[in-house]
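Respectively, the protein sequence lines represent chains G and A. Taking my numbering, the leading residue of the first sequence gets 1, the next gets one more, and so forth. Taking my numbering, the leading residue of the second sequence gets 1001, the next gets one more, and so forth.
To be clear, the hints were calculated from the coordinates, so they are not data collected in a lab. Each hint should be verified, as a subset may be incorrect.
[To be verified] One side only, chain A facing chain G, incomplete, derived with CB under 10 Å:
1) GLY1075
2) ARG1086
3) ARG1159
4) ALA1183
Computed from a prediction, not measured in an experiment: that's the story for all the values here. Even for Gly, the Cβ is constructed at its ideal location relative to N, Cα and C.
Here are the chains, one letter per residue:
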Amino acid sequence: MTTLVDKVWDSHVVDHRDEDDLLYVDLHLMHEATSPQAFDGLRLAGRAVRRPDLTLAVEDHNVPTTSLLVTDPRGRAQLERLRANCAAHGIELLRLGDARQGIVHVVAPELGLVQPGMSVVCGDSHTSTLGAFGALAFGTGTSDVEHVLATQTIALRRPRTMAVEFTGERPPDVTAKDLALAFITAIGANGAHGHVLEYRGDAVTGLSMEGRMTLCNMTIEAGARAGLVAPDETTFAYLAGRPHAPRGEVWERALARWRTLPTDSPTFDRTVTVDVAGLTPFVTWGTNPGQSVPLDGRVPDPTAFADPSARAAGTRALAYMGLEPGVRMRELDIDTVFVGSCTNGRLEDLRAAADVLRGRTVASSVRMLVVPGSSDVRQRAEAEGLDEVFVRAGAQWRLSGCSMCLGMNPDRLHGSERVASTSNRNYEGRQGDRARTHLVSPAVAAATAVAGRLAAPSEL
Amino acid sequence: MPVQLTAHTGRVVPLRRSDVDTDQIIPAEFCKELTKTGYAKGLFAHWRARGGFVLDDPARAGASILVAGRNFGTGSSREHAVWALRDWGFAAVVAVDYGDIFLRNALKNGLLAVALDEGSVAELADRAEADPAFELTVDLEGREVRAPGFRRSFRIDDRARWLLLNGLDDIAVTLGRDDRIRAYEQARPDWLPVVGR
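Okay, chain A solo, but in the shape it has when bound (with noise of 0.2 Å):
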């Protein structure tokens, strides 16, 4: 279903780790659902089940915003990394890059993905480690982050962002030229496979 955002303000949950893999966001296991919910109890599970992680810190209980180090989210396709972040309170994530599949999955999800550069991530990092009660602003319409005396801009997709600026079905703005597609098919070579047959 389409989400619709413009920004988002929270807390932060630190991550100083990169290459963060999303069988570390949410191992196989938790994967073997039919549905796009209630993974929460997967998120990060191998990391909280040895203890002391950052998650489980009461103090950070509410944020809704996880800063994390180079390269999140690499490795598997698996969306329900997405779902997880979305389904424990995650509405933005700030790292230094991504997984490609990861990113794409995010914005996808109206999870709100952003890159910044890698002192300012840290930056982030260091601040919301000295408080808890950091907040950040991840603002999609005017493509930057802010907090008290911090302010960058980031880069991200135009087409994922007009799709959730404007709340739109990603699936119905492509049916929407369906003539091409038609177009396209009709000169498709005859040789291609075709299943089945």
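With the rest of the complex left out, here is chain G (with noise of 0.2 Å):
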């Protein structure tokens, strides 16, 4: 039968010329970081933005944390060309300090913005997140971003699909950001590259939607532009009352369509299966998201690696990561603790974390930082008093944005140093120039603060 991810391209197809589709977008999101030079290509061309009404931007990739005055001169160039871009074309804006502004990822569903069934596309690679929603979401460069504001659509061929079976029953210390990097790892960096996948089995429709949304966001990071799951009651649950959802007698007609996205037996080109029964929390030991080992595991050995390409990528990283094989992950010493990003800067991810510090404070040789993913996260989770956990467990309480993820704003990491993050890359120079990243859930970063070391929860 056809898949979800069929269904939902069939949906938005224009038209059709040789093997590729043109799709409709139903939503473009948009940051300050890949657009200028999309909107510089519209007035050189003499083109209008199509469907501003459809378009959505928010500045999130250059924003400080500690203030809302952007002092580097580029990052607020970037930002203040987008503000007048806005204005020029009549495109919403969510601007620093606007109470719903927030990484573009994070803020677009607390909106309400993405619903099932949908086409949305921002220039950025982890629009992924948004496939939680059961909606095919996915980054672009930045000519494809200037393509979709002229004509709303996007020229692409049919992707194949690829089922992701997540069986038995998965353990309570095992989260999202678990499942997505025992996934990555299984199937590697670029190993489901040209598929679009679909995310599925009990550990999936057991996640709230803010996990949903950590395992989609990490979807590029296995190859794959998007993953989807199948919209369910968590969804609709979620949706119901959030500012764009639809209302009313609309709502139900809404509902009745996005009851029908889910297949009972679909077929895929490809099923690929991780059973969740046996997994403990995961950490990177590498330099990219597919280079994992269970916490408890130690530093491989690459030398004895198979494979000549992962032998050479697997010893470069360990170089670069100051490493030796057979080390244990749990005998790291970290010098920064980063929670945050569009991957684990949601409400549920700064519980995850505030659980873990009640009580307890992080270690003096440790520096943490917690970003909330947007301003509405760090209102609710003000509400509830995290901020207080945070501040008198020692950990900095920032304002939102995508912070230490990428080394794009003020927060980076200072020469080699070794930071636990809940981000979704740990390239080399990815945090700061020479910064080693290990990859880890919100709760394995608290543990690790307290603990001055890679750490579980459960080991405090």
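Build the complex: two chains, separate frames, hints provided.
As structure tokens, this is what we get:
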């Protein structure tokens, strides 16, 4: 039977030519870092934005998290250019300081703008996050941003489909982040290339919308541009009452359509199975998200890898990370802990970190940043007193933004600091010139902050 | 602006690394610009800063084809990676495979990113390492990579190839189907969200 992916795809085909489908874009999201050149292109060609009413811009990549004052002139120039472009084209912009501002992938769902069966694009690879709603959501480069601004469409070849079946019962200490790292490690950092994924199984349907967003967020790290979760009662309950969700009779009609999207026994081009019953929290040891091991594990010996390319990459990664094969992951001392990002910067993530930190203290050798994914997350966390938990433990409670995930704003690591980070990429230099990143879940990040070394909450 | 291309011949920079992500190709601090040009200084900036990087080998000066490994350009969608390669003087990349978004960005900018099997890519890297004067041709029209004693065909997205061979403006082509877009728009369900209302 037709997959969810194919159903959503088919319902957006405007035109077909040769092997390419021209797909309509229901929602176009943008931020300041990848859009200025697209607007320039429109200006040079004398073109208008076709559907400003289907476009939302958010300031997130360059924003500081200690104050609303942008002191970096180049970062400020990108923000100011976005403001000018949005004003010129009548595009709604959530500016720094707006109560709705935050990381674009966190904000759009909060507003109810991402709904089952929609197509969503954004000039950012982590747009895959929004597949959690059963929407076809993927990142593009700036040329495609310009194309979507001008035409509200994108020309693509139909992708192959892949089922990612998480089987077995998810242990309580295994989070969506651990599922993602385990899957990417199993398949490799480009293992899902050319596919759109559907995440399936009880371990997925048992996740909250926040958890599903974490899982879908990391899809791009497996080489696939989009990953979806079939919409269900959890999805509908999340959407009900959101500012842009339909209401009354319209809601009923939308709901009836959304219920037709999942398929009982779809046929996929490929199926990958991950048994979750035996999983434990995961942590990366290398310089891509496919290089990870259970937290209980040891740094692997890349010279034992069968594949020459993986052997070379692993050897390089260990040199960069300053690690020796055989070292226990739990013995690695950590300088900085970062909780935040579009991967793990939602309320549930902050609660998980706070639950570990409550009544405990961040080790004196550790700097810990807690950065809410949006201003709304920040406000809700403060309403629950989470900020007090963080501050009392010795962590820094920040304003919302992309922060330390990508080293584009003042939140960067110094020298070859070692960081436990809830973000999505452990690439060389991602979080600072020589920074050494270990990707973890929020609970492991918090336990690590207390222990001063990589640690699970159960050890405290 | 549209680019018209048929083939490119040039010398080679062999980069024997896999999973080269776009954060390596151009670190984020170099992406804080408003233009599509001026990114050459950011190309592989972290690796070059550590010294001994192949791009700075004087024997490779003027080389215009990058030979990489698997999964080149994985990660961030930043088109700055393509702009930086182009600004440096690269006209083509030959790798085993690519990050999806990078590949699309490359072809949209006329950077001829083509994929060959692992053995062929390794052979090209060997020959380029042995001889900095080694020249390669990436022929878009004929869909093949050629060098003396070397000829391999590659697959490439047909639409991207057609746009490049004819120097067409992608957006203008799509706007030519405006009637279809309008028809689709009129049939969209009324519950779909509209921003700002």
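Hint check results:
1. Interface restraint check for GLY1075(A): the shortest CB-CB distance to chain G comes to about 6 Å, inside 10 Å, so the restraint holds.
2. Violation of the interface hint for ARG1086(A) is found here, the shortest Cβ-Cβ separation to chain G being roughly 13 Å, above the 10 Å cut-off.
3. The criterion of a C-beta within 10 Å of any C-beta in chain G is met by ARG1159(A), whose closest approach is roughly 5 Å, and the hint holds.
4. Taken as an interface hint, ALA1183(A) checks out: its beta carbon lies about 8 Å from the nearest beta carbon of chain G, inside 10 Å.
Going down the numbered hints, you'll see the structure goes against just number 2.
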